[in-house]
Amino acid sequence: MARKATSVDVARLAGVSQATVSYVLNGRVDQSIREETRSRVLDAARELGYQANLAARALVTGRTQMIALWVPYAFHSVFGHIVEQVMGQARGSDYRILVVQIYDETPQTMLTGALRATLQVDGILAFDAFGLAESMLDAAPHLPPLVTFGPTWSPRTDHVGVDLGGGSVTAVRHLLARGCRRVAFAGFADRLWPGEARYDAYLRVLGEAGLEPCVIPLERGDYDDSYRAVRDWFAADRAVDGLFCWNDEAAIGAVRALADLGVRVPDDVAVIGSDGVRETAFTSPTLSTMAQPFAAMCELAWNYLRQRLDQPDLPLQQTVLPMDLVERASTERV
5 MARKATSVDV ARLAGVSQAT VSYVLNGRVD QSIREETRSR VLDAARELGY
55 QANLAARALV TGRTQMIALW VPYAFHSVFG HIVEQVMGQA RGSDYRILVV
105 QIYDETPQTM LTGALRATLQ VDGILAFDAF GLAESMLDAA PHLPPLVTFG
155 PTWSPRTDHV GVDLGGGSVT AVRHLLARGC RRVAFAGFAD RLWPGEARYD
205 AYLRVLGEAG LEPCVIPLER GDYDDSYRAV RDWFAADRAV DGLFCWNDEA
255 AIGAVRALAD LGVRVPDDVA VIGSDGVRET AFTSPTLSTM AQPFAAMCEL
305 AWNYLRQRLD QPDLPLQQTV LPMDLVERAS TERV
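What the sequence shown shows, in the numbering used here, is residues 5 to 338, in sequence order.
Just so you know, these hints were derived from the structure itself, not from any lab.
All residues carry an ideal CB built from backbone N, CA and C; glycine is no exception.
Treat each hint with caution, since some may be false.
Simulated DEER-style distance windows between Cβ atoms [stated by the list, open to error]:
id, residue 1, residue 2, range
1, ASP271, LEU215, 18 to 24 Å
2, LEU265, GLY96, 47 to 53 Å
3, SER288, LEU147, 44 to 50 Å
4, ALA213, ASP314, 46 to 52 Å
5, GLU51, TYR77, 40 to 46 Å
6, ARG208, VAL338, 25 to 31 Å
7, LEU215, ARG195, 17 to 23 Å
8, LEU147, GLU40, 29 to 35 Å
9, GLU51, ALA193, 41 to 47 Å
Go ahead and model the full structure; you've got the sequences and the hints to work with.
Written as structure tokens, this is what we have:
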């Protein structure tokens, strides 16, 4: 088996010092390296098939140059948006992003087996992960710096929260302002408890208006689940003229179900979602939604983590951002 190339081999072929090789391959910007020298080093590394020993680098520098991004699911629409935004923040930096799907994970599973390696990073960005973050803070007090962000967050960490309750109040009031008087909430059946931001907001606004609540229970809140639940609900001739959905995937599934039943959106039923994923602009009709400030939220969370890494003794950095009402055709009633 051929011997692996080392940084010494790269330096010899490029005709430079080993320190110069280290500066170039580590992307150091605090050292002045001529572009011609940088190109020679990179060409030599490619020719030799050189691969850096990340473990050795971490032992020397105390840094892995890796940031873990925790998301409940890796491929649902909203979480895909978060991955995209955080990757964009990391682009051009000396950090790389490790995406970790945390649905159903516990401190026990995170601290044992293969997932333990995902904690050997310089920092953690945890999106909509309040429960796991709180548990990990208790179970593993020596975690890397942790920033929680999104609709749920930990008050014990640096965080960039999203005002999901305020956004949900706006969504339901928007339906009432469009003349809806029988407004249903399509939400998770196992999360209809006091303190759940969307459900609390829905009950509060309907209570203020003297209207009776009704819930369309969902199991997962994705396209298929919402399609089936909303189709079955309306097929039973239940009278609803407004629908506030847990998330945008549920709203998109609901719009499709209503179309298949011959129920007109928004004339018969006005529909609004929550999250602001880009797919909402391409449904028929286009979908009103309460948009999370994805770009601003991810940028601020990234900056908070970088500042924490550079200055570990900073006071807690904490912000809560509002959601924005995006009005489209699904609630444009005459």
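Results for each hint:
no.: 1; hint: ASP271 - LEU215: 18 to 24 Å; result: holds (20 Å)
no.: 2; hint: LEU265 - GLY96: 47 to 53 Å; result: holds (49 Å)
no.: 3; hint: SER288 - LEU147: 44 to 50 Å; result: holds (46 Å)
no.: 4; hint: ALA213 - ASP314: 46 to 52 Å; result: holds (50 Å)
no.: 5; hint: GLU51 - TYR77: 40 to 46 Å; result: holds (41 Å)
no.: 6; hint: ARG208 - VAL338: 25 to 31 Å; result: holds (28 Å)
no.: 7; hint: LEU215 - ARG195: 17 to 23 Å; result: holds (22 Å)
no.: 8; hint: LEU147 - GLU40: 29 to 35 Å; result: violated (43 Å)
no.: 9; hint: GLU51 - ALA193: 41 to 47 Å; result: violated (60 Å)
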